[in-house]
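Given the sequences, and given the hints that come with them, work out the whole structure.
The numbering of the sequence shown is this note's numbering, which starts it at 511 and goes up by one.
Simulated from the structure, these hints should not be mistaken for lab results. Among these hints, one or two may not hold up.
Distance windows between CB atoms, simulated [unchecked claim]: (1) Gly852 to Asp533: 29 to 37 Å; (2) Ser845 to Leu604: 44 to 52 Å; (3) Asp665 to Pro585: 14 to 22 Å.
These numbers come from a predicted model, not from an experiment. Note that beta-carbon positions come from the ideal geometry of N, C-alpha and C, so glycine has one too.
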Amino acid sequence: MTHLVLSGLTKSFGGSPVVDGVDLSIAEGEAVVLLGPSGCGKTTCLRMMAGFERPDAGEIRLRDRVLVGPRVFVPPERRQMSVVFQSYALWPHLDVRDNVGYGPTTAKVGRSEVRRRVDEALGMVQLDGFADRYAHQLSGGQQQRVALARALVNDPALLLLDEPLSNLDTRLREEMRSEIKRIQRALGVTMVYVTHDQAEALSLADRLVVMQAGRVVQIGTPEEVYRRPDTGFVARALGATNLLPATVHASAGDAVSLRLPGDGVVTAPQPRGRSLRSGDQVVVSVRPVDVRLSVAAPGTAGAGRVTEALFFGDHVQYALELAGLPGAVKATGPSVGRLEVGQHAVLQVDGSAVAVLADRPAADARPVPAGAAAGLSAA
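Shown next as structure tokens:
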């Protein structure tokens, strides 16, 4: 069931468009993450949902109720939404109980009911026994839990979170990611979460919305967007990747045969909405985790030289310089039996993990001929 609908949402500041015709439908109980770099319009979209910004054009509907439209603008306090901010926005002069209970108290809810709701919300975020403490007596993670409890205590129709974990250290961010996902699933609350962090986006989203320059450029499940990015921008938004030139060898049905730099041909999934022909020049995305290295003797056809081997405990990140490519290819390998800088290696690529992008090859890109000694081979 459709829960929230944004139609043609537009917003400019100082004559410059920040949100440029965003359309988005969100199902009831769905966790949707808006992902993109600073300035892409994701936070402005959230603020327009909450009522903190008035769109220049477009419509917002929640449960078939128009919140924003021609001659309609419902103020924030009447939208049945709760917001968790990047800064926890806790009142220092109130204890945890009064911070969490502020919303229902100002809504004239009875004292016993407020206490019941607060206790329930604190239990949900695992802060039982913290009701009498003040903000300065809490850790950053605990303060964020209080902010989350304050948002949940009102039983919102929509929970909005704007980069809520950016002020926490890595360990606490990971802990709070799990907590937010657990709570969202347990309550079945519809959630819109804004972030520029790929790990948050991939782990929290039922559906991922990637934004660029005020527009939605791709929507899908985290796995779909990660594995099948439409463009290099989307691919890079979700982590390290190799953007490589390739030549279409053959194209039929749901598969396309590609000649990558080197003497290898791989079979990859067809890109969405495109009809490729033999000889077409394309750009592909290959994640480092889908590239394997094999030691080769110097002078081996297609071999490259390892220029970087960074140890991360459970894996090693490599960079391999290959003839014919302007930049190094990144690869990830096991930490046991790792290669060393200066060694020579050839690459193997899993064709099922190759994504053909909509990007055009660089103007100076040349066709990849059979037998080119650049070091990629089919897995």
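We went through each hint and held it up to the structure:
{"no.": "1", "hint": "Gly852 to Asp533: 29 to 37 Å", "verdict": "violated, 52 Å"}
{"no.": "2", "hint": "Ser845 to Leu604: 44 to 52 Å", "verdict": "holds, 49 Å"}
{"no.": "3", "hint": "Asp665 to Pro585: 14 to 22 Å", "verdict": "holds, 19 Å"}
This entry does not satisfy hint 1, going by the numbered hints stated previously; all others are met.
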